[in-house]
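Visitor: Using this note's numbering, you'd call the opening residue of the sequence shown number 35 and step up by one each time.
Rather than coming from a laboratory, the hints here were simulated on the basis of the structure. If you're wondering where the values come from, they're calculated on a predicted model, not measured in any experiment. Note that the Cβ used here is the ideal one computed from N, Cα and C, for glycine as well. Treat the hints with care, since some could be wrong.
[Unchecked claim] Restraint-style ranges between C-beta atoms, simulated for each label pair:
id, residue 1, residue 2, range
1, 268, 199, 14 to 22 Å
2, 275, 181, 18 to 26 Å
3, 200, 96, 34 to 42 Å
4, 256, 127, 24 to 32 Å
5, 198, 275, 19 to 27 Å
6, 177, 269, 26 to 34 Å
7, 263, 184, 25 to 33 Å
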Amino acid sequence: MFANVPPGAGTGPFLFNAPAAPLDGNGYSLDLVRLAIAQLYAPTATPTAHNEAQTWLLAFQASPAAWGIARSLLADEIFGALTMQIKISRDWQTLSPTDIEPLRQELVARLVQSAAGPPFVTTKICTALAAFAFKAVPESWPRPVHSLCQDFRAQMSSATATPSQRVALELALLDFFTVLPEEMQKAVFTPDSRKHRFQVEVQQDAALALEMALTVLRTELVEGTGEDERNVVIALKKKGLLCVLSWANLHQGIPFE
35 MFANVPPGAG
45 TGPFLFNAPA
55 APLDGNGYSL
65 DLVRLAIAQL
75 YAPTATPTAH
85 NEAQTWLLAF
95 QASPAAWGIA
105 RSLLADEIFG
115 ALTMQIKISR
125 DWQTLSPTDI
135 EPLRQELVAR
145 LVQSAAGPPF
155 VTTKICTALA
165 AFAFKAVPES
175 WPRPVHSLCQ
185 DFRAQMSSAT
195 ATPSQRVALE
205 LALLDFFTVL
215 PEEMQKAVFT
225 PDSRKHRFQV
235 EVQQDAALAL
245 EMALTVLRTE
255 LVEGTGEDER
265 NVVIALKKKG
275 LLCVLSWANL
285 HQGIPFE
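Put together the whole structure using the sequences plus the hints.
Guide: Right under this line is the structure:
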């Protein structure tokens, strides 16, 4: 059943032939992880096969190999964003300092790319990026709100960006500014000084996130607006309102000037 898997790699949970693929020392590869994901969500998988795939994937997420393989999965798999969030939250200390900035750049790039895709993928990447911010601020990522505003404005002002792409980017940025305070409420910061440092860093530019949301909410629908444009404005207003509510609900609040 696993004729193509090198000796010593382990058979894994699969009910079909695994592809020949380079394996790391822990017996994981990008192809094997994708096979396990396929089995996990396969409608024809038996409960036993489902549980075996889930167990195998949980072990993968805890392994050092997950750092590199999850980055490869970010392009087209929500599992990649989920795994990246888990690695950042639980295993940050195992990430090489030289890999911190490339990982930030990749997460931001994936967020930009996900803007035109399914909303649930965008949200999951936002969650991974928020987890990154908690760990990286301020030493490795000062002023994350301001930084993302600059990154996205550069994309939106590009001469090649279409109106629909600009709207998608604006929606994705509002998503992140909504997820950031939500995740901050859930996060357990140790020691307490890290939470304080993060709050101070976010407070510097929180007004940028709120002003973006409020600007969207102030947009008026004029008489004669086409249906497509009306739908865009409504979608932006919904995102803007969720963003404002998220900041308003932030535990203990952060004062905005």
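Visitor: Hint by hint, note whether the structure agrees.
Guide: Okay, the hints, checked on the actual structure:
1. 268 - 199: 14 to 22 Å: Once the Cβ atoms are compared, 19 Å apart, the range 14 to 22 Å for residue 199 and residue 268 holds.
2. 275 - 181: 18 to 26 Å: Hint holds: Cβ distance 24 Å, inside 18 to 26 Å.
3. 200 - 96: 34 to 42 Å: Between residue 200 and residue 96, where Cβ atoms are some 40 Å apart, the hint holds.
4. 256 - 127: 24 to 32 Å: The hint (24 to 32 Å, Cβ to Cβ) is violated, given that residue 256 and residue 127 are roughly 54 Å apart.
5. 198 - 275: 19 to 27 Å: Hint holds: Cβ distance 22 Å, inside 19 to 27 Å.
6. 177 - 269: 26 to 34 Å: holds (28 Å)
7. 263 - 184: 25 to 33 Å: holds (27 Å)
Hint 4 from the earlier list is the only one contradicted by this structure; the remaining hints agree with it.
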